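**Student:** Residues per chain are reported as follows:
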Amino acid sequence: MKVDNLLVILRKPPYGTVNAAEAVRHAGAASGFEYKSMLYLIDGGVFTAKKNQDAGDTGFTGLGESLDLMSGEMDIFADKESLEKYSLSEEDLVEGVKIDDGEVLKKAIKEAQSIMIF
Amino acid sequence: MLFLISSSPDTKEFKTAFNLAKRMNADVCLLQNAVYASRNSDDTTLYVMSDDIRLRGITENEISGRLIDYDRLVDLMTATDKVVGIF
Amino acid sequence: MARKLTLFVNSSPYSYENTYTAIKIAEASLKKGFETHLVASADGVYNFLKGQKGKGLPHAGDGFKALMEKGLVVDL
Numbered sequence: 001m002k003v004d005n006l007l008v009i010l011r012k013p014p015y016g017t018v019n020a021a022e023a024v025r026h027a028g029a030a031s032g033f034e035y036k037s038m039l040y041l042i043d044g045g046v047f048t049a050k051k052n053q054d055a056g057d058t059g060f061t062g063l064g065e066s067l068d069l070m071s072g073e074m075d076i077f078a079d080k081e082s083l084e085k086y087s088l089s090e091e092d093l094v095e096g097v098k099i100d101d102g103e104v105l106k107k108a109i110k111e112a113q114s115i116m117i118f
Numbered sequence: 001m002l003f004l005i006s007s008s009p010d011t012k013e014f015k016t017a018f019n020l021a022k023r024m025n026a027d028v029c030l031l032q033n034a035v036y037a038s039r040n041s042d043d044t045t046l047y048v049m050s051d052d053i054r055l056r057g058i059t060e061n062e063i064s065g066r067l068i069d070y071d072r073l074v075d076l077m078t079a080t081d082k083v084v085g086i087f
Numbered sequence: 001m002a003r004k005l006t007l008f009v010n011s012s013p014y015s016y017e018n019t020y021t022a023i024k025i026a027e028a029s030l031k032k033g034f035e036t037h038l039v040a041s042a043d044g045v046y047n048f049l050k051g052q053k054g055k056g057l058p059h060a061g062d063g064f065k066a067l068m069e070k071g072l073v074v075d076l
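Residue numbers (my numbering), protein chains in the order written: chain A, 1 to 118; chain B, 1 to 87; chain C, 1 to 76.
Honestly, the hints are just simulated from the structure, not real lab data. Incorrect hints may have been included.
[Said to hold, decoys possible] What the simulated footprint calls covered on chain A by chain B, stretch by stretch (three residues with Cβ under 8 Å from a Cβ of chain B suffice, anywhere in the stretch; the number is not a length):
{"hint": "1", "region": "8-19"}
{"hint": "2", "region": "45-51"}
[Unchecked claim] What follows is a set of in silico ranges between Cβ atoms, one per label pair, in the way DEER data are often shown:
{"hint": "3", "chain 1": "C", "residue 1": "G33", "chain 2": "A", "residue 2": "E81", "range": "47 to 53 Å"}
{"hint": "4", "chain 1": "A", "residue 1": "I117", "chain 2": "B", "residue 2": "T45", "range": "32 to 38 Å"}
{"hint": "5", "chain 1": "A", "residue 1": "S87", "chain 2": "B", "residue 2": "D69", "range": "34 to 40 Å"}
{"hint": "6", "chain 1": "B", "residue 1": "K22", "chain 2": "A", "residue 2": "E34", "range": "48 to 54 Å"}
{"hint": "7", "chain 1": "B", "residue 1": "N25", "chain 2": "C", "residue 2": "E35", "range": "26 to 32 Å"}
{"hint": "8", "chain 1": "A", "residue 1": "E81", "chain 2": "B", "residue 2": "M1", "range": "33 to 39 Å"}
{"hint": "9", "chain 1": "C", "residue 1": "D75", "chain 2": "B", "residue 2": "N61", "range": "39 to 45 Å"}
{"hint": "10", "chain 1": "B", "residue 1": "R23", "chain 2": "A", "residue 2": "E103", "range": "40 to 46 Å"}
{"hint": "11", "chain 1": "B", "residue 1": "L76", "chain 2": "A", "residue 2": "G56", "range": "39 to 45 Å"}
{"hint": "12", "chain 1": "A", "residue 1": "E34", "chain 2": "B", "residue 2": "T44", "range": "19 to 25 Å"}
{"hint": "13", "chain 1": "B", "residue 1": "D75", "chain 2": "A", "residue 2": "G56", "range": "21 to 27 Å"}
{"hint": "14", "chain 1": "B", "residue 1": "E13", "chain 2": "C", "residue 2": "T6", "range": "20 to 26 Å"}
{"hint": "15", "chain 1": "A", "residue 1": "K51", "chain 2": "B", "residue 2": "D43", "range": "22 to 28 Å"}
[To be verified] Some, not all, of what chain C presents toward chain B, calculated at C-beta under 10 Å:
{"hint": "16", "residue": "Y14"}
{"hint": "17", "residue": "T21"}
{"hint": "18", "residue": "K24"}
{"hint": "19", "residue": "K32"}
Since the structure is predicted, the reported quantities are computational estimates derived from the model, not experimental observations. The beta-carbon is built from N, C-alpha and C at its ideal position, and this holds for glycine as well.
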C-alpha cells in the first residue's frame, strides 16, 4: 500500500509570524501519524534551520532545536539558492537539514498527495 | 525621528519603511524579522534589538549596527520627537 | 519630568511577534517609572480575551495582565 505523504513548504522566517511554528508543527504531526512528510524551507524560511537559536525565557518554542529533533523522523530540506541569497552555508544550519538545488523540490511537488504552504 | 521596523528584509513593507526612513534621515531600529537585514550589512548606524537576534541564532559578530536592549529602546523612544512604527 | 509612553497594538496575539515586542517595551518602560499606556484596536483587542490557551508562543493574556498589575493602563 502506498504511504500517505505530505509536503510542507515554509517561505517565512521564524518568530516574526507564526508561519514557521505552524509549518514545523504540521510536518511533525503528520510524521507522527505515519505519514511520510517532508518540510521544505525556501526564501526566508531557510532561517528556521539556523543554528544556535536561543528562545531563553521568551515563551517562544526554539524552532532550530525542533528541526534537529524532527530530522530523524522526516526529510527536511533547505533551498540552495535561498541559502546563498542570505549568505548561509551548511555549517550555519542545524544537524540533519539537507540542501537541495531544486531537484528534490520538483520531485516532491509532483509526488505529494497534499501540499501545505506557509 | 525614530523608525521601528519589524518586517522581514525581503518584503515590500520592509523596503518601503527602510527607504522612507533613509529619505527622512530618521534613526532606524530593527526589530523582529527585520533584524536579518543587519547581517552582512555595512550600515553601522542601525539600532538592532539584541533579544531578536539571539532568538534567531544570529551572533553579535555577524551584524553591523548598534545592539540595544528594551531598556535602551525605551530611552530612544522617549528622547526622540517622534516614533514611527511598527511596519 | 515624568515621562509617558503609549503603545498601539493592532495585531492578533498568536500570529505575529508584535505582542511579545509590546510586552517587552511596556515592561522596560514601567521599570523606568514611566507612565505607560497601551491602546489596542482591530485584532489587537484579542490580546485581552479571557481564557487564552496559546502554547509555544508568549502568552498574551498572562503577559499583559502581569503588566497591568504593575501599572500599565490599557484602553480598547
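**Student:** A separate judgement is required for each hint: does it hold in the structure or not?
**Tutor:** Now the hints, each set against the structure:
Coverage of the region 8-19 of chain A by chain B holds [criterion: at least 3 residues with CB-CB distance below 8 Å; count 6]. Coverage of a stretch by a chain is defined here by at least three residues with a beta carbon nearer than 8 Å to that chain's beta carbons; for the region 45-51 of chain A and chain B the count is 3, and the condition holds. Evaluation of the 47 to 53 Å hint for G33/C and E81/A yields a pass: the beta carbon distance comes to about 50 Å. Checked against the given bound of 32 to 38 Å, the beta carbons of I117/A and T45/B, roughly 37 Å apart, stay inside it.
Range check, S87/A to D69/B: about 26 Å between beta-carbon atoms, so the 34 to 40 Å window is missed. Between K22/B and E34/A the C-beta distance comes to about 52 Å, which sits within the given range of 48 to 54 Å. Under the hint 26 to 32 Å, the C-beta atoms of N25/B and E35/C, about 30 Å apart, fit the expected range. The given range of 33 to 39 Å is respected by E81/A and M1/B, whose C-beta atoms sit roughly 37 Å from each other.
Separated by about 43 Å at the C-beta atoms, D75/C and N61/B satisfy the suggested range of 39 to 45 Å. In this structure the hint that R23/B and E103/A lie 40 to 46 Å apart at CB holds, the actual value being about 43 Å. Taking the beta carbon of each, L76/B and G56/A are about 23 Å apart, not inside 39 to 45 Å as hinted. For E34/A paired with T44/B, a C-beta distance near 52 Å fails the hint of 19 to 25 Å.
The beta-carbon spacing between D75/B and G56/A, approximately 22 Å, falls within the hinted interval of 21 to 27 Å. The hint said 20 to 26 Å for the Cβ distance between E13/B and T6/C, and at roughly 23 Å that hint holds. For K51/A paired with D43/B, a C-beta distance near 25 Å keeps the hint of 22 to 28 Å intact. Residue-level restraint check for Y14/C is violated (minimum Cβ-Cβ distance to chain B is 15 Å; threshold 10 Å).
Restraint check, T21/C versus chain B: the minimum CB separation of about 6 Å is within 10 Å; hint holds. Below 10 Å, beta-carbon pairs count as interface contacts, and K24/C has one with chain B at about 5 Å; its hint therefore holds. At a threshold of 10 Å, the smallest CB-CB gap from K32/C to chain B is about 6 Å, leaving the interface hint in force.
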